[in-house]
Amino acid sequence: MSLRLGAMLPEVFRHLFKRPATVLYPFEKNTVPARLRGRPVMDPDKCIGCRMCERDCPAEAIEVTQESETRTDDGKVKRRFSMVVYVDRCAHCGQCEEICPAKPDKAIKLNEFFEEAAFDRGALKIVYK
Amino acid sequence: MALEKLVKWSRVSSPWLLHFNSGSCNGCDIEIVAALMPRYDLERFGALLKASPRHADVLVCTGPVTRQQADRLKRIYDQMAEPKFVVAVGSCACSGEVFRGLYNCMGGIDSVIPVNAYIPGCAARPDAILDGVAKLLAALKKG
Amino acid sequence: MSETFVLPVGPQHPALKEPTSFRFKVDGEYIVDADLRLGYNHRGMEKGCEARTYVQDIYLLERVCGICSNAHMTCFAQGVERLMGIEPPPRGVFIRCLMGELERIHSHLLWLGVAGHEIGFDTFFMYTWRDREVVMDLLEMVSGNRVNYGMQTFGGVRRDLDGMQIKTLLEGIAALKARTPYYLNLGATEPTMVARIAGVGKLPREKAIELTAAGPTTRASGVDFDVRKDDPYAGFGDLIPFTIVTDNGCDVLARVVVRAKEMMASYDIMEFILRNLPAGEVRTKAPRKVPEGETVSRVEAQRGELIHYIRANGTDKPDRVKVRAPTLANWPSTLYMLRGAYLADIPIIMAAIDPCLSCTDRMAVISDVRGGEKVWDWETLRQYGIEFHRRRGIRP
Amino acid sequence: MDLLKVALYLLVYPGLLFLFVYSTFVEWVDRKLYARFQHRRGPLYTGRAGLLQPIADFVKLMAKEDIVPSSADKPLFNAVPVLALAAVLTSGLLLPVWHFTTGIVSATSFPGDIIVMAYLLSLPTFAYFLAGWASASMYASIGAVRVLTLLFSYEVPMFLAILSPAVMAGSWRMAEIARFYQLHPGYLPVNIIAFAVAILALQAKLERLPFDIPEAETELVGGTFTEYSGRKLALFRLLTDVQMVTGAGFLATLFLAGFPGGLVPGFLWFIAKTLFIVLILSAIRAVTARIRIDQMVNFSWSYLAPAALLQLVAVIIVKGYLP
Amino acid sequence: MTVDNIKTTLEQSLPGKIIELTHPSARVMFLHVAKADLVAACTVLRDQLGFYHLSTITGRDTGDKLEALYHFARSGMTLTVRAQTERSRPSLPTIIGVYPGATFYEREVHDMVGIVIDGHPDLRPLVLPEGWPDGIHPLRKDWQYNREEGVIK
Ligand code: SF4
Ligand code: SF4
Ligand code: SF4
Ligand code: SF4
Ligand code: SF4
Ligand code: SF4
Ligand code: SF4
Ligand code: SF4
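Those protein sequences? They're chains A, B, C, D and E, same order as listed.
So that you can map any letter, position 67 of the first sequence is 67 in the numbering used here, and since no number is skipped, the others follow by simple counting.
If you count the second sequence from 1, you need to add 129 to reach the numbering used here.
If you count the third sequence from 1, you need to add 272 to reach the numbering used here.
If you count the fourth sequence from 1, you need to add 668 to reach the numbering used here.
If you count the fifth sequence from 1, you need to add 991 to reach the numbering used here.
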């Protein structure tokens, strides 16, 4: 076995003259991949209130509540649902988005927002009405 | 005044971290280490990872706090010198996440010691951690 | 300094990023005896699984560990598929396998860096982790998360690859492939590094078998034990070719070499997958309820054999889920390696099995430091612990 | 006038103020270089390009709660950092930065000051030992024992190494040695082996990679300093920085022909030469892994000490042939 | 070695001792033996069938009995040996004489379901946090954990 002292020496000195690999993150935004699973966002206009998301969520992060029940002129019942998402519990697994049966567009989706840091857990309880 | 300002400035400029795993899945621990690595380089803010609780200012915790670790978490916290801050990294450190209700988890760092900042995410990305640290420092600078 | 004393390492010891506690009887700079206490990370997940549905369980089990999250998911998914009697479509199988290999690369790079760090070689640590970001970006691009990929599900994978992504993956893999020999070269020739790892932590072949070691630890002792060959899954065996890497060095150096070569083998597997990706669906429909039955599912995770035992009772919740992750299989051999070693070699010997305790940590070896063999309850032990630290100047 | 000069000497250059400011600067240089070697940025936002980082660290530690473990030997625990700092600060005063002519023998430059200097530079090591001992904590005690073991292994090569230039120059006074090489720069390369040995020994003295055995973070948490916090930890950190400056200055005096040319050029030389040595120290830190204590002892007795001895013999022979 | 080979070898070496031998899916087999024949079965597996690797041991509560499942592996086959014990005084013999690597797994079974492993040299209560109440084994079906109010917010 050849023992070459400082096999790294050239590499190390080369880096002195190279631009460091560091990104200046909070001061320069970086790009995130399109598939990033960030915060779950719900659209009350689309939700049909099936509670599949609530049932499948592994982290008890979703609570769906019925807000109102109105009868339209043609006799159909129209219900409106609100949702609480506890971002401090969410595991960002995306199961809620996957299971949501609302058509033609899912009522709950994970967006690309990930800078959630907060000083208070209350701020992480997000209500969609 | 002047002195106070200087001290405050020094505190904000030199946050030394102590990392504590209270029973997490390692995911966030790896991301904390990744935040110290060349790509994100937390040392830009003057942050250094320290091994002794006596040297550290910020306790960076991960994990849903297992019963076994709860005691130790508290002890480490007590060993740190004032002023000290606690940051909970990862959803499971914030609230217990998927481990909520398991018989051996307390569910979140704040069930054991007071927490100054929460960084949810599973795993919290290194940039989310950076963002959290920057927010905490900015808040300290102000108040 | 020939006095023997007990050095408790952990659970806050920096060499172990995860909590665990060892007790070493130390004589000067030598370790006379090693004892291990786990249990700091026991979360009670197996019980938790019985109270959750299969869908929730797969995400819970993913979080057994952030390093082999995908291995746990794959293992559980494939076991449940076996019980359901369904098979993922070929494209799903290929992507499942791709995720496993990507994860192996990220884990081995992580390990290489940590091993460097444990012996105080921080520059090496920085370089490997800088290059690891390449894999992390690939994983995040494919799955949407850097740690818990959430890719596997019952009946296949959750996300497909498009042409653009395949191109990026191939580029990233080529870049890493060019870089890996440099690390192998460094790890095997840099004198301060070699001086620390050659001949350290010997584990003879017979011992490796006898103590049921797994993964690179046992392959570095010359045993060709690899689940991908022994119990082919996710396309290994018939669809996807691969080679097993072994080494006869039986020491830490051999484990470095095995892991580095294994990475080279993984690059080849991934390139094969990406070039021969079948068309079609990535998942089939799976029922919510699982018919009664039991099965054993195994996967070759980065650190060795991972095994799940699943028993279903016909409802949408499992009757019993048992998880045994690779690190637990490697503890008996680690204790064997530690006896008689230098104090200074503890970190590198432990790092060499790449211990990840979050999955393993299910036991506590409670040993009376004063030599007796009694069992203490929580309060006594706590009291003792407080005393113990107070005597040494750490305030409780 | 004289009083003013003494005051200037003690407090400004090369005394307290200069040593404090310059040592923080050197720490910054070291951290920055180390980071750049690792393809990172290092401190960036504290002051311009992170220049004020070491000062911020220092001030913060000064203002932090100071815990003394209850089982520690309190008087010793408290006294050690101050004593050790005093020792290195004194060693700073001995650096021949004001002695542009060698005629004057003053309190800070006298025949034999090279020995006193070497001795003062060793004192902190004893302080580390005492610090570890006084902490009465397990990690710290193991660290303390290692400090001593380490001391015995590098101290002899260090002394042998600094003898070579002195023998060559035929003087025991740093100012004269430096002057000798300023006049005969051709003799500088003769001491190259001794220089290498001295650099390695200095690295060991400063307990930096690959010789940071007593602090080995992954085995012993914070080593001898595990129990120190707040003000005293700040002093220890300052101490190490000052030790790096004076150590570098010491080697520059002996092996790089000192700091010629009067006040301003001399000052610039001082900066340039010490930074050069710091660069070497940082590079060593970046490319090596920590070695084991037994390997260290082996290494220094089977390579360092013989090399230094060989060098000494060579120097004596060369000296014999000299006109 | 095919499934049939394994079957015949087992039937020859353990005559009359096999309670049940199943093969539910490819490369998975289950063998049920009586508690008294456990060590003999393990020896046969190791010496005659080449199962050199013990993957793990699972403890399980079947409702009326407790059982341990020993998962063995060799190239191309995973074979699980099942042994049951009554609930009142649950115990099983140790197999560390045959597979020394079983130490930790046996201790775990002891903790999680409360089967006493006869002949194990070091069966101090382990698992679980310090101070865990005696006699409670979390994986028994009759033990349910009720979340303490207020602990988990
Ligand atoms: S079909 Fe879906 S929405 Fe309807 S009851 Fe079943 S689970 Fe609920
Ligand atoms: S992403 Fe997962 S954890 Fe988060 S709310 Fe949706 S289902 Fe729950
Ligand atoms: S699954 Fe979709 S439609 Fe159903 S309750 Fe949730 S958000 Fe609404
Ligand atoms: S938040 Fe998620 S990734 Fe982070 S430690 Fe917890 S479970 Fe692991
Ligand atoms: S240097 Fe020490 S504290 Fe920092 S990551 Fe490594 S082991 Fe942990
Ligand atoms: S035994 Fe392991 S997998 Fe199960 S809960 Fe404990 S730590 Fe988790
Ligand atoms: S050994 Fe365990 S903790 Fe480690 S990576 Fe594997 S499953 Fe995760
Ligand atoms: S032991 Fe493994 S999981 Fe733990 S920090 Fe090290 S590499 Fe990561």
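In case anyone wonders, no lab produced these hints; they're calculated from the structure.
Hints may contain errors.
In silico DSS-like pairs for lysine-lysine, Cα to Cα no more than 27 Å straight-line [to be verified]: (1) B/Lys179 <-> A/Lys125; (2) C/Lys589 <-> E/Lys998; (3) C/Lys449 <-> A/Lys18; (4) A/Lys29 <-> B/Lys264; (5) A/Lys103 <-> C/Lys439; (6) D/Lys987 <-> B/Lys213; (7) C/Lys319 <-> E/Lys1132; (8) B/Lys203 <-> D/Lys987; (9) E/Lys1132 <-> C/Lys501; (10) A/Lys29 <-> C/Lys439; (11) A/Lys46 <-> A/Lys18; (12) E/Lys998 <-> C/Lys319; (13) A/Lys46 <-> A/Lys29; (14) A/Lys78 <-> A/Lys18; (15) A/Lys29 <-> A/Lys76; (16) B/Lys203 <-> B/Lys264; (17) B/Lys213 <-> B/Lys134; (18) A/Lys76 <-> A/Lys18; (19) A/Lys106 <-> C/Lys561; (20) D/Lys987 <-> A/Lys18; (21) B/Lys134 <-> B/Lys264; (22) C/Lys561 <-> C/Lys533; (23) A/Lys78 <-> A/Lys29; (24) C/Lys319 <-> A/Lys109; (25) A/Lys125 <-> A/Lys109; (26) E/Lys1026 <-> C/Lys561; (27) E/Lys1056 <-> E/Lys1132; (28) A/Lys109 <-> A/Lys129; (29) C/Lys319 <-> E/Lys1026; (30) C/Lys501 <-> A/Lys103; (31) B/Lys270 <-> B/Lys134; (32) B/Lys179 <-> D/Lys941; (33) B/Lys203 <-> B/Lys134; (34) C/Lys479 <-> A/Lys46; (35) C/Lys501 <-> A/Lys109; (36) C/Lys557 <-> A/Lys106; (37) B/Lys270 <-> A/Lys29; (38) E/Lys1056 <-> C/Lys561.
Comparing the hints with the structure gives:
| no. | hint | result |
| --- | --- | --- |
| 1 | B/Lys179 <-> A/Lys125 | violated, 33 Å |
| 2 | C/Lys589 <-> E/Lys998 | violated, 33 Å |
| 3 | C/Lys449 <-> A/Lys18 | holds, 22 Å |
| 4 | A/Lys29 <-> B/Lys264 | holds, 15 Å |
| 5 | A/Lys103 <-> C/Lys439 | violated, 33 Å |
| 6 | D/Lys987 <-> B/Lys213 | violated, 61 Å |
| 7 | C/Lys319 <-> E/Lys1132 | holds, 9 Å |
| 8 | B/Lys203 <-> D/Lys987 | violated, 66 Å |
| 9 | E/Lys1132 <-> C/Lys501 | violated, 37 Å |
| 10 | A/Lys29 <-> C/Lys439 | holds, 25 Å |
| 11 | A/Lys46 <-> A/Lys18 | violated, 52 Å |
| 12 | E/Lys998 <-> C/Lys319 | violated, 34 Å |
| 13 | A/Lys46 <-> A/Lys29 | violated, 32 Å |
| 14 | A/Lys78 <-> A/Lys18 | violated, 63 Å |
| 15 | A/Lys29 <-> A/Lys76 | violated, 48 Å |
| 16 | B/Lys203 <-> B/Lys264 | holds, 25 Å |
| 17 | B/Lys213 <-> B/Lys134 | holds, 18 Å |
| 18 | A/Lys76 <-> A/Lys18 | violated, 68 Å |
| 19 | A/Lys106 <-> C/Lys561 | holds, 24 Å |
| 20 | D/Lys987 <-> A/Lys18 | violated, 45 Å |
| 21 | B/Lys134 <-> B/Lys264 | holds, 19 Å |
| 22 | C/Lys561 <-> C/Lys533 | violated, 42 Å |
| 23 | A/Lys78 <-> A/Lys29 | violated, 43 Å |
| 24 | C/Lys319 <-> A/Lys109 | violated, 31 Å |
| 25 | A/Lys125 <-> A/Lys109 | holds, 17 Å |
| 26 | E/Lys1026 <-> C/Lys561 | violated, 33 Å |
| 27 | E/Lys1056 <-> E/Lys1132 | holds, 11 Å |
| 28 | A/Lys109 <-> A/Lys129 | holds, 15 Å |
| 29 | C/Lys319 <-> E/Lys1026 | holds, 26 Å |
| 30 | C/Lys501 <-> A/Lys103 | violated, 45 Å |
| 31 | B/Lys270 <-> B/Lys134 | holds, 9 Å |
| 32 | B/Lys179 <-> D/Lys941 | violated, 32 Å |
| 33 | B/Lys203 <-> B/Lys134 | violated, 31 Å |
| 34 | C/Lys479 <-> A/Lys46 | violated, 62 Å |
| 35 | C/Lys501 <-> A/Lys109 | violated, 40 Å |
| 36 | C/Lys557 <-> A/Lys106 | holds, 19 Å |
| 37 | B/Lys270 <-> A/Lys29 | holds, 22 Å |
| 38 | E/Lys1056 <-> C/Lys561 | holds, 25 Å |
Of the numbered hints stated above, those contradicted by the structure are hints 1, 2, 5, 6, 8, 9, 11, 12, 13, 14, 15, 18, 20, 22, 23, 24, 26, 30, 32, 33, 34, 35, listed in ascending order.
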